[in-house]
Amino acid sequence: MSLLFHEIHPDLSLQFAVWHLTEAESDLEALSGIKAPPRLKTPTRRLEYLAVRTLAVTLGINPASIAYKSTGQPYLIDDPRTISITHTKGYAALLLSEKNGTGIDMEASSDRVRRVRHKYMHQDEE
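Be aware that the sequence shown starts at 38, since it is given in our numbering, and climbs by one per residue.
No lab work stands behind these hints, which were simulated from the structure alone. Keep in mind that a hint or two might mislead.
Claimed, not checked - In silico lysine-lysine, DSSO-like type, Cα no more than 30 Å apart, as pairs:
hint	residue 1	residue 2
1	K106	K136
2	K106	K78
3	K72	K126
4	K106	K72
5	K126	K78
6	K136	K126
7	K106	K126
This structure is a prediction, so every number in the text was calculated from the model and none was measured.
All chains should be built: construct the whole structure from the sequences, respecting the hints.
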């Protein structure tokens with residue numbers, strides 16, 4: 038299992054988890070209890086999809102309840118909580134919050150990301 042961490046912050050009404058993608062697709066299918074949809078053609082995209090669903094199970098969410106608005110924004114069917122999903126270069130993360138407007142984003146370090154880091158990073162993080 039490649040769960041890197043699972044943090045619960047009751048004072049902030051949120052929890053999140055990060056997964057390192059090291060498993061085979063069949064292993065993630067077993068952990069999440071679902072199969073990747075046929076519309077996902079690339080192995081990388083299929084693994085990201087399954088890792089997010091495995092994280093959902095870790096956070097107590099039924100993976101089948103994850104849906105997407107026409108804008109691509111994820112939401113939970115019949116659940117008022119906010120869900121945020123991100124994945125990059127072999128990692129996936131999921132955030133679950135009681136508050137709207139909460140999100141998570143991960144980016145692999147690259148020249149492009151380093152050039153705009155001042156827009157999203159505090160000086161202490163650089």
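So, going through the hints one by one against the coordinates:
1. K106 with K136: holds, 18 Å
2. K106 with K78: holds, 21 Å
3. K72 with K126: Roughly 21 Å between the alpha carbons, so the hint for K72 and K126 holds.
4. K106 with K72: holds, 21 Å
5. K126 with K78: holds, 17 Å
6. K136 with K126: holds, 28 Å
7. K106 with K126: holds, 25 Å
Checked against the numbered hints given earlier, the structure satisfies every one of them.
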